[in-house]
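Novice: Sequence:
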Amino acid sequence: MSETQAKEVFHLEKISRQFTGGITIEIAAAKIHLGDKILISGPSGCGKSTMLGMLALALKPDRGKTFICNEVDVLEKWKRNKRDDLAMLRASLFGFIPQTAGLISFLNIQENIMMPQHLIGKKDKDWFVSLVNRLEINSILSHKPHEVSVGQRQRVAVARALINHPLIVLADEPTASVHPSLADGILELLLQTVQETGAALIMTSHDTKRTLQYGLTEVPCELDVQNQITRLSYGI
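Numbering-wise (our numbering), the sequence shown opens with residue 84 and increments by one.
Worth flagging that the hints you see were computed from the coordinates, not collected in a lab. Glycine residues also receive a C-beta, built at the ideal position from the N, C-alpha and C atoms. Be aware that one or more of the hints could be misleading.
[Claimed, not checked] Pairwise CB distance ranges, derived in the manner of DEER restraints:
1) Lys-90 / Asp-145: 44 to 54 angstroms
2) Lys-292 / Arg-166: 16 to 26 angstroms
3) Ser-264 / Asp-156: 20 to 30 angstroms
4) Asp-307 / Lys-148: 17 to 27 angstroms
5) Gln-311 / Ser-264: 14 to 24 angstroms
6) Asp-167 / Val-308: 22 to 32 angstroms
7) Lys-227 / Glu-271: 19 to 29 angstroms
8) Leu-295 / Ser-232: 40 to 50 angstroms
9) Phe-102 / His-248: 31 to 41 angstroms
10) Gln-311 / Leu-224: 22 to 32 angstroms
[Claimed, not checked] Calculated lysine-lysine pairs in the DSSO-like style (CA-CA distance at most 30 angstroms, straight line):
11) Lys-162 / Lys-292
12) Lys-114 / Lys-227
13) Lys-162 / Lys-114
14) Lys-292 / Lys-90
15) Lys-148 / Lys-120
16) Lys-165 / Lys-97
17) Lys-162 / Lys-143
18) Lys-160 / Lys-114
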């Protein structure tokens, strides 16, 4: 899918969130389309996770000019306190992979993966079977998270993120908690599946050398030390 044909899933201008002490995290301008694969890079603590949180509709911006997600005016939703609408958008449009899998401890692996489908009243057993086979976790479906390895838990997180055929996949340091020997396998499976589904992928990582070999476009955070701003721009 070429960039001229691909659907725009994000259009953002001057979206920012300020923290105690005056540090501001800003997405200055960005247009992101289906099929885009973006790596947000920068040193630890520069605000990469905060940017993902705003993109995920989980963190409310303090200021903003334009924030359109899949043709929905997100700033208007925040202004009118339409949190249920935002939650439904998150559940239906997004897949999210946190640093440490974030699985629910009292659910087994299958239940963890299927949870996003339950939230929107959707069921796609064939896709579930395809994902668990591809990620080689079909033998641990009845196990609880503490009964499987760290690498397996992270693959479960990938399956859970992709189970609803999301338009947008957000991955926050998805290999940070696994041994380097496992990182390549997880990245390869994630990128291969995202490529096949046509979703937009936005990932953060401090391990840029490893991640960029999978064809992502690096978008470095710009650090304005004097004005205490971390700024990001892409696609404009």
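Novice: Taking the earlier hints as the rules, which of them does this structure contradict?
Specialist: Hints 1, 2, 3, 5, 6, 8, 10, 11, 12 not satisfied by this model.
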